[in-house]
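Given chain Z's structure and the hints, the job is docking chain U onto it.
As you go down the protein sequences, you meet chains Z and U in turn.
Going by my numbering, the first residue of the first sequence is number 127, and it counts up by one from there.
Going by my numbering, the first residue of the second sequence is number 27, and it counts up by one from there.
Source of the hints: derived by calculation from the structure; they are not laboratory data.
Hints may contain errors.
Said to hold, decoys possible - Over the 10 Å line for every Cβ pair with chain U, so calculated as not near, a few chain Z residues: (1) L144; (2) S146; (3) E149; (4) Y153; (5) G165; (6) H179; (7) K201; (8) S204; (9) T211; (10) A212; (11) H219; (12) L222; (13) L230; (14) Q234.
To be verified - In silico PhoX-like links for lysine-lysine, alpha-carbon gap of 25 Å or less: (15) Z:K130 / U:K82; (16) U:K96 / Z:K210; (17) Z:K201 / U:K165; (18) U:K91 / Z:K130; (19) U:K82 / Z:K160; (20) U:K96 / Z:K215; (21) Z:K130 / Z:K215; (22) U:K96 / Z:K188; (23) U:K91 / Z:K160.
Just so it is clear, the structure is predicted and the values come from calculations on it, not from any experiment.
Don't be surprised by glycine CBs; every beta carbon is placed ideally from N, CA and C.
The lines below spell out each chain.
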Amino acid sequence: MIRKELVAASAEPLVLSLLSKGESYGYAIIQEVKARSDGKLQWTDGMLYPVLHRMEHRGLIKSRWGESETGRKRKYYSLKKDGKTAMAKHHEHWMLVHSVLAGLKKEQYV
Amino acid sequence: MFDLEQAIVDWRKQMLAAGISAPAPLEELEIHLREDIAQQMQSGLSAQQTFGIAVKTIGQAPELKREFKKTGAPMEMQEIIRLAGVICVAVALFCQVFTCSPVVFAFLFAHGLKVSLMTRLLPFAAWAITVATTVLSWKYTHKLLPVIHNQLLRRAIGILCYVGCLLWIRFVLLHLPKGVAENFSLGNFLLVTFLLGSEWTVMAILGGIGHGLEKAVSKKAAAIDLLAGQS
Chain Z
127 MIRKELVAAS AEPLVLSLLS KGESYGYAII QEVKARSDGK LQWTDGMLYP VLHRMEHRGL
187 IKSRWGESET GRKRKYYSLK KDGKTAMAKH HEHWMLVHSV LAGLKKEQYV
Chain U
27 MFDLEQAIVD WRKQMLAAGI SAPAPLEELE IHLREDIAQQ MQSGLSAQQT FGIAVKTIGQ
87 APELKREFKK TGAPMEMQEI IRLAGVICVA VALFCQVFTC SPVVFAFLFA HGLKVSLMTR
147 LLPFAAWAIT VATTVLSWKY THKLLPVIHN QLLRRAIGIL CYVGCLLWIR FVLLHLPKGV
207 AENFSLGNFL LVTFLLGSEW TVMAILGGIG HGLEKAVSKK AAAIDLLAGQ S
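The shape of chain Z in the complex, shown without the other chains (with noise of 0.2 Å):
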């Protein structure tokens, strides 16, 4: 199991990236966050909702009330110009901790 530290560390990376594909909402974006982990990432549900407001308060991503295929109501999100720019800056981050990682694993076997 990934550490509660680093899920939640991920959790906006993961939400901005996942919107830049498109508008979605809390239970969907869930649900391919836990496909895409093969369910390593698993994330207490209700804890998106405040995750996805904060984003919003701070101008990254816009919601809209909405309506499921089955007129269930739905509140979507998406990808705001702020957002994108904020998601640049979390995949150069962690890109770097991933090479700095990469770089010492490989260290070990040389």
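Positioned in the frame of chain Z, the structure of chain U alone reads:
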């Protein structure tokens, strides 16, 4: 027999009781819960099983409340109006304690034994009434006020109340009888006590109305939410 709708209503009540009372987050959480239940029921699980799993995965109310508190949302107009009401009543109460008491004591000191017990008690009674009115208006105004659904009208009344507070204080300060300090007649004294007392009481009542209108609506909304869930 497990009643899914009743279980969701109970879950909602728990969330409300735990302090997730803002309609938007609670609605979103409920939508999520229902989506999760519907999805899991497709895999053949019973309603009771899926409800249990969905509630567990959505998380505990206190934990969620803590996270929602961190959202740092900018203050909504409703919160600003309610806060203004709180400030009005708090200032009124604070000033009542400090404005009227010295006047009362100064008067009693100046007149010493010359005044009857009843006359000495009168200012205290007036002061006690103003404090009591403030506290009561704060606690119960929202129960007496009508629920105004028109947000614009409600806010306009709220803002008018606060503007009224300022105008009233200005009016009282400008119209305080001159030379009262030199001429400590009973009539003058009662007039000053009345004006000072009413200055803050009027402020408390207007503050209570501004705040109470918003509170009345949110109380009604919470009640409707619960009833809608039960039906």
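Status of each hint after checking the structure:
no., hint, in the structure
1, L144, "16 Å, holds"
2, S146, "22 Å, holds"
3, E149, "15 Å, holds"
4, Y153, "4 Å, violated"
5, G165, "12 Å, holds"
6, H179, "4 Å, violated"
7, K201, "6 Å, violated"
8, S204, "16 Å, holds"
9, T211, "19 Å, holds"
10, A212, "16 Å, holds"
11, H219, "21 Å, holds"
12, L222, "27 Å, holds"
13, L230, "34 Å, holds"
14, Q234, "38 Å, holds"
15, Z:K130 / U:K82, "17 Å, holds"
16, U:K96 / Z:K210, "23 Å, holds"
17, Z:K201 / U:K165, "36 Å, violated"
18, U:K91 / Z:K130, "18 Å, holds"
19, U:K82 / Z:K160, "16 Å, holds"
20, U:K96 / Z:K215, "22 Å, holds"
21, Z:K130 / Z:K215, "22 Å, holds"
22, U:K96 / Z:K188, "18 Å, holds"
23, U:K91 / Z:K160, "24 Å, holds"
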